[in-house]
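Start from chain Y and add chains H, D and W with the ligands according to the hints.
Chain residues, written in single-letter form:
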Amino acid sequence: MATITTTKAANVMVVTVTEKRLDAKIAVSFKDEMASLINAGETTVVLDLSNVGFVDSSGLGAIVTSLKLIGRKGDLLVAGVKDDVMTMFTLTRMDRVFQMFPTTDDALNSLIAK
Amino acid sequence: MATITTTKAANVMVVTVTEKRLDAKIAVSFKDEMASLINAGETTVVLDLSNVGFVDSSGLGAIVTSLKLIGRKGDLLVAGVKDDVMTMFTLTRMDRVFQMFPTTDDALNSLIAK
Amino acid sequence: MALLHLSGEATFDTVRLVGMAIRAVCASVSSSSEAAQIELAVVEASNNIVEHAYRAVQGDIALDVDIGEKKIVIALHDTGETMPTASHQSANLDFDPMNLDDLPEGGMGLFLMTSIMDEQSYVSVNGKNTLTLTKFLHGENND
Amino acid sequence: MALLHLSGEATFDTVRLVGMAIRAVCASVSSSSEAAQIELAVVEASNNIVEHAYRAVQGDIALDVDIGEKKIVIALHDTGETMPTASHQSANLDFDPMNLDDLPEGGMGLFLMTSIMDEQSYVSVNGKNTLTLTKFLHGENND
Ligand SMILES: Nc1ncnc2c1ncn2[C@@H]1O[C@H](COP(=O)(O)OP(=O)(O)O)[C@@H](O)[C@H]1O
Ligand SMILES: Nc1ncnc2c1ncn2[C@@H]1O[C@H](COP(=O)(O)OP(=O)(O)O)[C@@H](O)[C@H]1O
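Residue numbers (my numbering), protein chains in the order written: chain Y, 27 to 140; chain H, 27 to 140; chain D, 9 to 151; chain W, 9 to 151.
It should be emphasised that the hints constitute simulated quantities derived from the structure, not laboratory data.
Check each hint, because a few of them may be wrong.
To be verified - Footprint (simulated), chain D over chain H, 3 or more residues, beta carbon under 8 Å:
id: 1; segment: 42-55
id: 2; segment: 58-72
id: 3; segment: 76-84
id: 4; segment: 114-120
id: 5; segment: 128-137
In this text, a Cβ means the ideal position worked out from N, Cα and C, and glycines have one as well.
Pulled out of the complex, with its shape left as it was, chain Y reads as follows (with noise of 0.2 Å):
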């Protein structure tokens, strides 16, 4: 079973966790299914967490391999995070990491924006 759902939005792929835990359990699915992605051209990616109630450390390492895939070529914006999953992001620092829009829309405009 799929973790995720996408939409392309012009260059700009949308994608929404459906799973409302990224725990252990999921990890390595949500990677994979990141990473064939990311290895098909996609590059500018939003990641929808609006319905994700919890984070842990293997999910949240999953979205960091993630990143590093996508690399300097493109982007990786974050969307949607409920305020306990943002305590998982605050805790880690990651928060300094990922660019943060409170819903998918912002994201994308800040994208249009550049």
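Same frame as chain Y, but now just chains H, D and W with the ligands:
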């Protein structure tokens, strides 16, 4: 520790349950506190359950005991019942026994209208 | 999908923790209102163990919670007094809502369990009582 | 106030149920955001048991959850490999957020546990490992 707080509005006693759970752990204390009030002559009571997220059959039983104690001398109106707690009233058909109101103010208004 | 065991001393404090834990794990496969009802059924069953199975004596309560995609099965174990057969077979609640004297102040626990859960079985073997409650899940888990 | 035991086979499915149950019982004495953090700490500790203590072998995970008014104490038990002393003493997470190559993809679990919980101890006796996590509660339980 008291399970309720009270405020008097005209001849009506508004009883607010302060506990999140009206269950077997506190049903006896709650019943005793209600009995003291009723025995002291408070026979028109609005019971505010807006803080309560869970009621079990001992809690519901204690409310019924209070109603019986008031008897035909007065009134016991129930206000602020949350959805999950309402299910308890409907399953047991106690929603047909008690006059129920969305808020304490609605309950007070219905008494004034009389 | 996964099995979780819960246990503790049979007290009303433990029942609170059990209830909250059950609601949370059920909400992962069920709607939040259905999870709240399952909590109620389990709390009623657990209160009965504290109040009736152990009455004045101490003892433990243990639950096996099986969270599946199609059903939730919760087995409650105690080593106290066995429930009389008459009790768990007559779980009705008849009263006239208009007649104050007729209103029940107790005896609603078994009725609630039966109303909420789809299947219920009770066995007592070698002093160990097990009440098994099953809830079948329907369609999407909408909150 | 009350002690609840949780246990199950050490799998990521069980860890999910444990996490949700822990959050729910902690929320009864703590704020909902603090309860979410405690869930995270316990999930990290539990994942480590699945991934490192048992690695390829099967085993059980058991938790004692002590919910008090002043503190929450959670003890995690396993009978797998013992954590090397170096591991549970060096729980830092240093990296340059601007340097892509330097970003950690793992190794954040112990750091998170240490950041979230107030006290942490680890003992291994006769093949039984126990990690004890303590969180002190402050003031009112506001949601
Ligand atoms: N686990 C049990 N062990 C022994 N007796 C029980 C148990 N559960 C229920 N009973 C008996 O069945 C009766 C009805 O239970 P219930 O409907 O829950 O109402 P209540 O507990 O309020 O009396 C109890 O009064 C008790 O006599
Ligand atoms: N319960 C445990 N049993 C054995 N080794 C452990 C345990 N927990 C952690 N470790 C060791 O400590 C290291 C750091 O753990 P952690 O910070 O959680 O990161 P990660 O699990 O992502 O490697 C692990 O890689 C492992 O070698």
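Okay, the hints, checked on the actual structure:
Taking a C-beta to C-beta cut-off of 8 Å, the segment 42-55 of chain H contributes 4 residues in contact with chain D, enough for the three needed, and the coverage statement holds. Only residues whose beta carbon comes within less than 8 Å of a beta carbon in chain D count, and the segment 58-72 of chain H has 0; fewer than three means the coverage is violated. Coverage of a stretch by a chain is defined here by at least three residues with a beta carbon nearer than 8 Å to that chain's beta carbons; for the segment 76-84 of chain H and chain D the count is 4, and the condition holds. Check result for the segment 114-120 of chain H against chain D: holds, 5 residues qualifying (beta carbon to beta carbon below 8 Å, three or more required).
Look at the segment 128-137 of chain H against chain D: 0 of its residues bring a Cβ nearer than 8 Å to a Cβ of that chain, fewer than three, so the hint is violated.
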